[in-house]
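> Whole structure, please, built from the sequences with the hints as guidance.
Number of protein chains: 2
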Amino acid sequence: MISKSQISFIKSLHQKKFRKEHGLFIVEGLKSFSEFVGSEYEIDSVFYTGDLSPKLSKLSQNVKIYRVSNDELAKISILNTPQQLLALVKIPRALQVTQKDLKGAFHLVLDGIQDPGNLGTIIRTADWFGLKYIICSNDTVEVYNPKVVQATMGSLPRVKIIYTDLAHFFESAGLPVFGALLNGISIYETDFGHEGLILLGNEGKGISTELIKKIKVSVTIPRFGEAESLNVAVSASIFCSEIRRNS
Amino acid sequence: MISKSQISFIKSLHQKKFRKEHGLFIVEGLKSFSEFVGSEYEIDSVFYTGDLSPKLSKLSQNVKIYRVSNDELAKISILNTPQQLLALVKIPRALQVTQKDLKGAFHLVLDGIQDPGNLGTIIRTADWFGLKYIICSNDTVEVYNPKVVQATMGSLPRVKIIYTDLAHFFESAGLPVFGALLNGISIYETDFGHEGLILLGNEGKGISTELIKKIKVSVTIPRFGEAESLNVAVSASIFCSEIRRNS
Chain S
1 MISKSQISFI KSLHQKKFRK EHGLFIVEGL KSFSEFVGSE YEIDSVFYTG DLSPKLSKLS
61 QNVKIYRVSN DELAKISILN TPQQLLALVK IPRALQVTQK DLKGAFHLVL DGIQDPGNLG
121 TIIRTADWFG LKYIICSNDT VEVYNPKVVQ ATMGSLPRVK IIYTDLAHFF ESAGLPVFGA
181 LLNGISIYET DFGHEGLILL GNEGKGISTE LIKKIKVSVT IPRFGEAESL NVAVSASIFC
241 SEIRRNS
Chain W
1 MISKSQISFI KSLHQKKFRK EHGLFIVEGL KSFSEFVGSE YEIDSVFYTG DLSPKLSKLS
61 QNVKIYRVSN DELAKISILN TPQQLLALVK IPRALQVTQK DLKGAFHLVL DGIQDPGNLG
121 TIIRTADWFG LKYIICSNDT VEVYNPKVVQ ATMGSLPRVK IIYTDLAHFF ESAGLPVFGA
181 LLNGISIYET DFGHEGLILL GNEGKGISTE LIKKIKVSVT IPRFGEAESL NVAVSASIFC
241 SEIRRNS
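Chains S and W supply the protein sequences, listed in that same order. Be aware that the first sequence starts at 1, since it is given in our numbering, and climbs by one per residue. Be aware that the second sequence starts at 1, since it is given in our numbering, and climbs by one per residue.
Because the hints were derived from the structure by calculation, they are not lab data. Computed from a predicted structure; not experimentally measured. Don't take each hint at face value.
Note: identical chains are not told apart, hence a pair may lie in one copy or across any two.
[Claimed, not checked] Below, computed lysine-lysine pairings styled on BS3-like, alpha-carbon distance capped at 27 Å:
hint: 1; residue 1: Lys-75; residue 2: Lys-147
hint: 2; residue 1: Lys-205; residue 2: Lys-31
hint: 3; residue 1: Lys-147; residue 2: Lys-16
hint: 4; residue 1: Lys-147; residue 2: Lys-11
Here is the structure:
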């Protein structure tokens, strides 16, 4: 049973403004939620239907737990088919990353990705391929948007997401920048070496002019048909696969 | 200016039942629409705002053209931000495909894909990599769903989509079946040869038991991290890239 004011509070967290104000975001579904349990994220409260009690017993005593009806869950969920459980999780402090953290590995860098589903899918894919960091421009969609969290399918706790000024970041990162562009060398002929940054641009506008200057190697996924472009999450995945295929 | 009854007619086409009844589907946006002009698809009518007249002059005289207000377009659109133009396009007769059509090339086969965005992205990716056919199980999401059409970003006219009974199809296709499974050989070590069918399963349940028996080679995208699975459009893309990298 939850109160009307709780319902409107949780619904307010569908909006970025109120997530920022309250420092909380929404995770839905037992499977996604279970990836947050025991992670670095701190769980604030859990709203669940049915008999999840044994699975919830592992939670710290500070977590507020509410049993709710299906109707109540439907009211606070963003999903068409709400999934047994909705949790509020605390937004951690903004992450910092150093040259040392990044050294000897590959990382994705996203310049202005707007679609929540794309960002979520990229995080999930990065987790599959064992990439630890994704660096996002400040105008990239917010990672705590419920649609992003949903699309990560529980991968969010394992991938560190950093928002920063990318031009400045490239200067201090100390790694070669591979840019996904339409007029570069074939990805199949690119020697990625053993470390680097893979830069992918906005869905419509691509990589911003300012950042194109920072690219060391322009890399293209060759086109064999007639589509004008690839979805950015698809491009990111093909890059992840290519850097891993020789590792 | 359009009538109330036209608005409710177009809105009814958001539902599969009425698309089937009237044999029409919705295409939104000038860019996507322009890919249908001059294709094998027959355009029934166009609703546009602003001054698109020169671009629309190429259309056959049978096409009904209506100039509408932004408010009217918003009423008939499925998009949050309607894009200047909405067209109704005739659903063509169900396609058939023969062994001869398929010979000497690679094709995607989808077993029960449910998410419209996934199917649309797969069609767009297939178009990028020059794949001509996608064969779908009968329970795969309908390709004329407006969200599928939207996600194809104009690629639909260039990729032929066939719905059929897959078990029966595999028997008559005369091509080796490569199945995307979690316990197969590495995709990086798979010899795909010069032709074949790439079978991908449902988002949650994977490939159905009945169809697993038809697989000649089980192929896996190696996992380097901890995500439980990859998004199916992402998997499809990595398969498309791998079959092309040696071609």
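> It remains to establish, for every hint, whether it holds in the given structure.
Against the structure, the hints:
| no. | hint | in the structure |
| --- | --- | --- |
| 1 | Lys-75 <-> Lys-147 | both (16 Å within a copy, 25 Å between copies) |
| 2 | Lys-205 <-> Lys-31 | between (35 Å within a copy, 15 Å between copies) |
| 3 | Lys-147 <-> Lys-16 | both (12 Å within a copy, 25 Å between copies) |
| 4 | Lys-147 <-> Lys-11 | both (14 Å within a copy, 25 Å between copies) |
Taken one by one, the earlier hints all hold for this structure without exception.
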